[in-house]
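A.B. asks: Using the sequences provided together with the hints, build the complete structure.
4 protein chains.
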Amino acid sequence: MIRVAVVGATGYAGVELVRLLVRHPEAELAMVTSDSHAGIQLSRVYPHLTGIADFELQAFDPDRVAEEANVAFLALPAGLSSTMVPSLRERGVRVIDLGGDFRIPGPLFREWYKKDPPSDAVREEAVYGLTEWNRERVAGASFVSNPGCYPTAALLGLLPAVRNRGVEADGLIIDAKSGVTGAGRGVNLGNHFAEVAENFKAYKVAEHQHTPEIEYHLAVFGQGSARVSFTAHLLPMGRGILVTAYGTLTGEWREWTTERVWEVYQDAYRQEPFVRVQPAGQWPQTKEVRGTNLCDIGLTVERRTGRMIVVSVIDNLVKGAAGQAVQNLNVMMGWPETMGLDLVPMYP
Amino acid sequence: MIRVAVVGATGYAGVELVRLLVRHPEAELAMVTSDSHAGIQLSRVYPHLTGIADFELQAFDPDRVAEEANVAFLALPAGLSSTMVPSLRERGVRVIDLGGDFRIPGPLFREWYKKDPPSDAVREEAVYGLTEWNRERVAGASFVSNPGCYPTAALLGLLPAVRNRGVEADGLIIDAKSGVTGAGRGVNLGNHFAEVAENFKAYKVAEHQHTPEIEYHLAVFGQGSARVSFTAHLLPMGRGILVTAYGTLTGEWREWTTERVWEVYQDAYRQEPFVRVQPAGQWPQTKEVRGTNLCDIGLTVERRTGRMIVVSVIDNLVKGAAGQAVQNLNVMMGWPETMGLDLVPMYP
Amino acid sequence: MIRVAVVGATGYAGVELVRLLVRHPEAELAMVTSDSHAGIQLSRVYPHLTGIADFELQAFDPDRVAEEANVAFLALPAGLSSTMVPSLRERGVRVIDLGGDFRIPGPLFREWYKKDPPSDAVREEAVYGLTEWNRERVAGASFVSNPGCYPTAALLGLLPAVRNRGVEADGLIIDAKSGVTGAGRGVNLGNHFAEVAENFKAYKVAEHQHTPEIEYHLAVFGQGSARVSFTAHLLPMGRGILVTAYGTLTGEWREWTTERVWEVYQDAYRQEPFVRVQPAGQWPQTKEVRGTNLCDIGLTVERRTGRMIVVSVIDNLVKGAAGQAVQNLNVMMGWPETMGLDLVPMYP
Amino acid sequence: MIRVAVVGATGYAGVELVRLLVRHPEAELAMVTSDSHAGIQLSRVYPHLTGIADFELQAFDPDRVAEEANVAFLALPAGLSSTMVPSLRERGVRVIDLGGDFRIPGPLFREWYKKDPPSDAVREEAVYGLTEWNRERVAGASFVSNPGCYPTAALLGLLPAVRNRGVEADGLIIDAKSGVTGAGRGVNLGNHFAEVAENFKAYKVAEHQHTPEIEYHLAVFGQGSARVSFTAHLLPMGRGILVTAYGTLTGEWREWTTERVWEVYQDAYRQEPFVRVQPAGQWPQTKEVRGTNLCDIGLTVERRTGRMIVVSVIDNLVKGAAGQAVQNLNVMMGWPETMGLDLVPMYP
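Sequences listed follow chains A, B, C and D, in order. Quick note: the first sequence uses the working numbering, first residue 316, plus one each step. Quick note: the second sequence uses the working numbering, first residue 316, plus one each step. Quick note: the third sequence uses the working numbering, first residue 316, plus one each step. Quick note: the fourth sequence uses the working numbering, first residue 316, plus one each step.
No wet-lab data here; the hints were simulated from the structure. All C-beta atoms, glycine included, are put in the ideal place defined by N, C-alpha and C. Possibly wrong hints are sitting among the right ones.
[Said to hold, decoys possible] Partial pick of chain A residues on the chain B-facing surface, computed with a CB cut under 8 Å: (1) Ala541; (2) Ser544; (3) Gly555; (4) Arg619.
C.D. replies: Listed below in structure tokens is the structure:
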């Protein structure tokens, strides 16, 4: 058994890691930390874990983590992991960071997050954990930067087309919608039930910090450059992200049918245990992946406009956070990639 | 007092008409019809109307309607009003049709609705009731075709830019999201609570019948041609539509700031009682117009991509259906446009 | 026109008062206060009020209130109005207090609210504003203590039976369920969307501060003594309270049918504009009174157990707060009781 | 491996059985039937099961079931299993029936279900599968009648008090609330999203068919007689039942504290893997057991009224249906009781 720690276990991503790790056949959850609730049992903060995960929460201390665990998952607000990661890596702890600090180059981070980035030296060691597109590098990694929730859905939905030069990568439009858990458990008026229920809005329009992450990794894995309009919206529900992406067809794809494009997507994902490309005419729903590490994708060619429309869905807390992190752990350890992740969507 | 009839009073648009008309100072609700519930009191079908609107529902009969009412609102499934409208107009009844039959030319109707269109002669008499952009023609009309819910939000959001040649009208992307009431009260698995709640999906992608309505009237009121990608999505909530539209800036607008574009929108809508353009940086929410005839609009110029992003929201049952119909009644009758519509959003 | 002030206008009860008062034909909303948002426009705090109620919020100052208004509505957290009421009444301002401070005798207040009660002298001037049962005293009042949301639903549902000695008043069980707005707009984990949606729980079991209010006024208006078990539950929705009450039939009622009991209820409420007793076999729903000052009641005699079951529903923010307050204003002023309150439920 | 069949796999209880059984270590899901969808893949009806459970649905045929499976789960509307059970049992198939047909004696069934009951001979073979209270008989059973969803929550919450003569069993009040999935996947206006969301109502008051099931088994396992008022309510959410039960303390319990009663409950359930008794002052929430076979219970003694209040929660589709059925399978087979049921609640 490999021993793992969850640093920041009382946020929604943290507690979702706990949900997955307490049932993982090879990983042993050895430690959970929370600076705000240190000394308290996790099951006091989350009574649903009573009898399942009654760990005492500890304050973060890199020495303690290094003593107790081989791998640390960091599930923290942006800006916090920058300082923790070096302290853990110096002590030989492998790290999977779920925060935004290491996903994009420092200057982009500074511009979009309005915070100091980590040092280049550390950042460059981070392997971007979009497993399906970066599996080989993740396999050898000791430090993985787990993708953001919106970027995971957007990249999985767009990369087959971008990589194959089927759409104009510098003119993409990504209209994304997320459930409330994406904003975490911190209380504010923006996630008050009475303000969210029976309501829908766009937010951070043209300013969302996931924009550069999407562009940067579209360029990296798509082997070109990319420019996107990205709009985030808040759905009156807890879990789930749906991305609707629009790309202008280019090159020979301008003549292609939906079926032919579908073949490209199938080729890209046929072997993937967590990506399902829907048959033409069928569209994915967030509830169909709920609670699982799946990403479902639907697509069509719109002949009238010369565009392709792709819809991709994930559970933001699983494939968009904790699940993909465990998937990366599995790859890092050489375990079967689906280990601990063979979840059946909870429908309805 | 003008006497009005609601034909098809037991659907959601019909019962919303009842809500507005029973409190209208100048219109007297004289008759409500429902072929499926004829002979039953409306308040048996909708107990919330007990003591408020206990009318007996009648089967549709053009003679009876003509006897009882000067104006008839038709709130029926697509395809039904085609036959009813001529029978009413022959008898001198003014008509406000909330269905889709008369909104677009026959060939487009046939192509997108897969139904026979009404005769051209009748259709050409219909005045498209997008009040803010067609007020003068509505004022003289005896037959108004009320806009669809999605088109209302999309057209109000885009027309100031399109009409002023600020965006490329043949490359627009309209990503629209609607609450469940948009699909009516008919029961099917698609509106079962357990399937809709905590769920989000796109539907009729690249095939939605509101697409040609948007294109056609963008062209008419925008005085040019238009081509749009339109995607509809189903929100886990009852009321409300939000449209996110993306247009490539063109001409001198390529250099314009958000503020300058905002001025154009303000000029377009400053006098309008039901359209509110949000200050730059503020974005509309569906709940902020809930239960009212308002349309709120927010916008920004995205310098990085050379695009403009517009978000518009309405209550699909009010401004997207019954409210705009009453607004058109007011204009037709020469009454103050806000009569019976001075509703305060029910927030939260 | 009578000039009115809303003290505490940025909470949910306060903004609901604004919704009703800006459309009231005889009351002029002259002032809105908020200590936390003084100097800011109300429509900045609530953008849905833009163009409808753009008042500048002011800090509370009894002299200013007295200058600007004849009547002040107080919509404040428990404990605050105790100090404000005397300062307003000394200056001749009539007061309608929506808080809990003056609804029950001091010792009960201290026991259940764990706060200092107001002085007896002031409290004794307060008229309990359960309009249907205390109309005459409200008519002559200059200081009304508006009932709590749960007590309004419970008392309206139970009083006809209790007053007529039909049920054992010292053995009542009141199982109550409320939407989230009942807890106000203050942010805390308990009203975080992700914690409330798809969730249901009881809270403050056997400890809720509305218990003594229900018992006390059941005794006053029922002309006897009363003892109740009262349980509050949190519904995953915004507005609405439903109370299910159970009483053991007593005296001759033990032999009565549902129809006969129904007659008693009809007699009690036949003249009431805001109370609707449902026909036997029909049960009220919270949505059927949504946004209105209505209280709907359904009931049955359960022969097997010798009990009567009563279900009553209100919109907690209207009949349970702002609406009943305006109803009381109307009565105090001698205006028609439904003035400004002829609202049609927003259904669906 | 034991081979199992799910008869009626396209309802919500059926598909929940599939969710559990495809991951069960010892049971092999060999067959799924649906008369309405025979010949179609289950994953066409439920796309979330694509790649997980692509079985072809078959029409029910007892011979085929007997060939393919050792155990059949029946998840059918009330009245249907009466005829199927004998045909399966004659062929040596063990049966776990999730319907209501075999839970109560024939005359009660006829009275409350308004349908013909199964023959007494067959019914008497059925072992009532309330596992925690009937484990020994389930262990030897070849035919289990799985409890109803409401009865499961009510019985688990009340039996420790009733069995120990702590409350008056003939005066219990059970106020129950359920999510929409309890009514199944059949479409009707009562589960239309727009009618259910932001709404709450009681239904079948004093007439619910689970009433005699609760009374009958309270009497059996409580070793006395019982009489209850049972009221069902519909929550605006998908999954979850919460029961609030009120009992008058009797005998020496009249003097007991909450802590002492709590000890009785702890004694009753300490060894139970699926029942968690909350510490005094803490109350269970439906979301805390979501997706799992857990039942959480909270309780208090209300000194003022001499009553005890118990709150119990379950996931109606798991402990209230499919999960308890698998638990019974495990017991019948002599497998560890938690096999395939070691689920972590999906929170939030």
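A.B. asks: Each of the hints needs a verdict: does it hold here or not?
C.D. replies: Now for the hints, and whether the structure bears them out:
1. Ala541: At about 11 Å, which exceeds the 8 Å cut-off, the nearest Cβ of chain B leaves the hint on Ala541/A violated.
2. Ser544: holds, 5 Å
3. Gly555: holds, 6 Å
4. Arg619: Holds - the Cβ of Arg619/A comes within 8 Å of chain B, reaching about 7 Å at its closest.
In this structure, the one hint that does not hold is number 1.
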